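Enquirer: Which chain is which? The protein sequence lines are A, B and C, in order.
Every position in the first sequence, counted from 1, becomes a number in my numbering once 879 is added.
Every position in the second sequence, counted from 1, becomes a number in my numbering once 61 is added.
Just so we're aligned: 524 in my numbering is position 533 of the third sequence, and the numbers increase by one with no gaps anywhere.
No lab work stands behind these hints, which were simulated from the structure alone.
A quick note: this is a predicted structure, and the numbers were derived from the prediction, not measured.
No residue lacks a Cβ here, since even glycine has one placed at the ideal position from N, Cα and C.
One thing to keep in mind: the hints can contain errors.
[Claimed, not checked] Which chain B residues face chain C? A few, computed with CB under 10 Å, are given here:
id: 1; residue: I81
id: 2; residue: F87
id: 3; residue: R89
id: 4; residue: V93
id: 5; residue: V95
id: 6; residue: R151
id: 7; residue: T155
id: 8; residue: L156
id: 9; residue: A161
Chain by chain, the residues run as shown.
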Amino acid sequence: MSWLSLLILIPFATALAVVATPDSKWYVRRWVALFGTGVVLALSLVMSVSYMQAVLQRGGDASMLTISQMEFEQSVPWFKSMGIEYHVGVDGIAMAMIVLTAIIIFTGVLASWEVKERSREFYAFLLVLVTGVFGVFISVDLFLFFLFYEVAVLPMYLLIGVWGTGRKEYSAMKLTLMLMVGSALVLVGMLALYHAAGSQTFDLNKLAMVDYSRDLQQWVFPCVFVGFGVLGALFPFHTWSPDGHASAPTAVSMLHAGVLMKLGGYGVLRVAVYLMPEGAKQWALFFLVLTTINIVYGAYAAIRQTDLKYFTAYSSVSHCGFVLFGLCSLNLMGFKGAVIQMFSHGIMTGLFFGLIGMVYGRSKTRDLTKMGGLSKRIPWLATSFYIAGLASLGLPGLSGFVAESTVFLGGFFGNPWVDSTTMRICTLLATSSIVVTAVYVLRGLSRVFQGPMTKSEFSQMQDATIPEKLCTGILVATLAVVGMYPPVLIDLIEHAIVPIANRF
Amino acid sequence: MFPTPTITHWLTLSALLFSIGLYGIFTRRNAVGVLLSIEMTLNSAILNILIFNRFVASDDVDGQVLVLFIVAAAAAEAVVALAIFVSFYRHRHTLDVTQANHICDQGNSAS
Amino acid sequence: MTGFLFENAWMIPALPLISILLIGLFATGSNARFAGIIGSVAIGTAFLLTCGLGLAYLSSAEAGASAVTWSIEWLRYQDHLVVSLGTLIDPISLLLLFVVTSVSLLVHVYSIGYMAGDEGYSRYFVFLSLFTFSMLGLVLAPNLLQMYVFWELVGVSSFLLIGFYYTLPEAIAASKKAFIVTRFADLFFLAGILVLGFFVHQWIVDAEWGGVTAAAVQSASAVQALDFATINSEPVLAHLKDQPGVLGLDLLTVAMLLVFIGAAGKSAMFPLHVWLPDAMAGPTPVSALIHAATMVVAGVYLVARLFPGFAASGDALDVVAAVGCITCLFSALIACTQTDIKRVLAFSTLSQIGYMMLALGVASAEHPAGLGAAMFHLFTHAFFKALLFLGAGSVIHAVHSNDVAEMGGLRKKMPLTHATFLIATIAIAGVPPLAGFFSKDEILGAALDGEHHLIFGVGLFVAALTAFYMFRVYILTFLGGHKSDGAAKAHESPPIMTIPLVVLGVMSVCGGWIAVSQFVLPGVELHAHLLVMGLSVAAAVVGIGSAFWLYGGQANRAQTMAESMGGIYRLVQNKFYIDEVYLFVTKMIFRFIAAPAAWFDRHVVDAVMNLSATVVRWVGARLNVLQTGQVQTYGIWMINGTILVLLFLWLVQR
């Protein structure tokens, strides 16, 4: 059995273990969940190291490849008649995403340390969701990919609908319906490719060897791009995100913004861009404009928000725009920047939502205008919040800069299929968002943490507890490590991006 | 005195039987009536099979065997249906099928 | 030994970084008092290393040599676009290293006294060390992207330090303003980096394809598009100059102008200067270090780094000269009317940096004397301006007010502060033989040599204005009688604060005797202009004389004069209402872009999504009528459907 299968088995087994815990001992569950996710985190780190070793050992000249090279592969026939296999394997991109997911779920469990209400179901759903996410990242078979994709999206409905706050039913329903529409588009595109490739296989790399006709790519590419784009908060299909995030409980927001939204970008890269280069060339301009709107418009909309969660959600819309923007650049730097941004934004937004949950737990309000002067009482949380904010405005030394500068260069370098002037104007517009981001981040943070204390009850606040310190500490450290020494991430993903970029 | 009935006559009979049954299914309000009508359509189908067996492949007995199976299945089906009717009657004190719309969305039921 | 120092130049910025860690780990809570000592020791060591490095350079390297002595790969974008972190050692980086480490050391020491007892004591030193680290990284940068990285980091440490008193609304507002205005400028810097990155990279790739190795620049394999060495090399500049840019400018000019906007933002050049006066809300030692001596001259340093590019473009250099000229005149005028001592110094800083930009602007590839003069002025200015700020800090510390109207008569109460402040005032006024005289003289000489007569005239006028407003502050603060209780109760600061003042005083006197220009530009002949010297001394004397005439006497001459100027005076006093213009523009952006964007999202985009859901629900509700729950009805529909299908098939078959 491949190591990779462990990545889905352990979270699932942990979910079962959580279900099996006795009613009276709610505090046992969090330890079980923490242990399970801790093992997964350790496993993912070990695997990424051995992945690097495997890549080095494989050697040879990889610069001309056009097919992704998978490691830790395992393939078991499943529905032979339709060519569906349980085929798992990872390349650097997937590996980076797996590490991201493992970090987020581990810190997510820490952030939901105090969940007591129906904690059994809560942890179980959370872990099932993560099982789905891991499943997506390790799948090489498209059918399996889609299956896990659905597994990842569905528990979200229950998690928001049951444990959420505010208009939770509305938000949960909206989110699920919009994502389902996306899934439907993806399914259509996937089946079209399957059919065009001769209905023999769903294997991603085998599908990649097929030359699809221009006409087919012309309509399948936008289907798949938009389908995954919904999850990646593509304008104008992003509106589920602010409502969904605002209603979701802390760990779910972390997981959703941190990891699930990345499935969108990942899907676009793996399925749309990788399999349909011709379609990508034809549609690059269209989606480039759309994602530019995403970036700029999300940033401007964030300025006006007064609810911390809406604020972060719009900032996520803007930042996820960078992922899709990078992918539309259709060159090595664009793809690389997109993947780094997926990782960086995942950690950053996980930190943001985790912190919002912690602050909300203390202040009982998420309204920016009602808070003030909190940093005096909660310096740890304030500092972490500032670091997250600085990462989101692209401060060098934190991972956001690495990602965004790569995306900008990718966009500016452009590609032969889009008019270079348009490309550059779009890039500069996207770049201008760094100023807007600075405006809203600083406005928001200084409202909450600086100035005189606005309410007397704030003076009773306690700073972060140990699980909270651990949670934020891990995320901050990750941001800093990637930001200060980018080769840790770039070396991991570069080998995997070269084959995709070579297809253009 | 009568001419020997040809396949056309037999098929006409079967079609008539089917149509009467169908009419019964859609118009009877009494559940037993509906069941009777269903049996009637079923029998018309059986008759059809026998006709074709007789006129098209008279050497084979496959059709007759099939019919026996159907008769057996119909008997079982009638038993189940009658059991449901008894149960339904106990709950609702009626056998009016238009009342049997409980699983329909109450707010929009046309009853 | 010398090799060791060169290869380990990274230790200079690393030391403050280590001090951050040490302070963060150990100097918290009850141990906070050690923070200042840790910080000072670290930066002191860095200062010693810098001195060692400088001596090694002078003794071993040939004059004007430039070398990247250490580097590691940091960010790999793609081939020929790999960014390394490294240390570039050449005269101007050494000069800046010396300025930054020495002023930073003195400010650290001074802060131990100034910040004593503040509840954010160790936080303060963490931020200060962070700033020093970033500034040193910026100075040593061998490529444009490293420069940008540390450029942003100094920006954020400046933000943190301006907003150090985080409960004061004006400090928060000032910190945000500083960060956002410089960030806005940095956007153009980044755009410049994108432009240079792309076109220089293209040149390298083309050179390889064309069979020409890029050896014209460096050894072929290591040519990186963003290295200063690559950008400043002649073939690259010629290539860029040939490319069409936008708006009828060539590409080189476009790129250089974009970079210059970034430099202008950081150096607070007109019209991006608005953040600097407000930045005085931070602690005074911070103003001395960041907003007078080091960070604000980063723009000058950047232009000097890319000087070959600016010189090759020509037009870009003219813009630098014009902006420098406008800024130095404009802020000198404003400085004459301000009453907040720190604001006067802030506008004076603006004016002096404008002077440096002006000097760069009058230089050219053939006559680079202006470059040397700018660096020289940067060097001397750092010391006397830091001294002025620290002196002002000492005064503020004693009087508990920033307003010169509440000071007066401090000469006897604070003798040491008074003496050093006077030295710095004379130095900045340009009286020989103090530091400011020499550097200012060189700038004026360069302007005259370059046949920039208008600029020369403006420079001379500003020199007189500088002498005037500095003596005005000096007179109001130290001479005359007490104007408030605070001033009456004032007493001299502790030695830990006055010792740095004395050291800086010595540097303000002697700084001008060091031949900085020859160090920066070896081989460039400088000839003394007796005419220029005479004129600049005369200007200083006129300025000082009028200050004493207006403010020194008992009569209310200044008051009368201000009133007689009426509207013009108010215009200048209100800083030409530029802040108000910005405020208006940002309000407009909020009102007409941000608010509509948020509204649009809720009420149009989301409404469309909700509308589609509503439509589905409505259609569903209508179709629900069909769902009667009557099997008989369903059956009839089924039969009808079957009949229709059969009919259709029959028709088609026929």
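Enquirer: To test your reading of the hints: which numbers does this structure violate?
Expert: Numbers 1, 4, 6, 7 and 8, in rising order.
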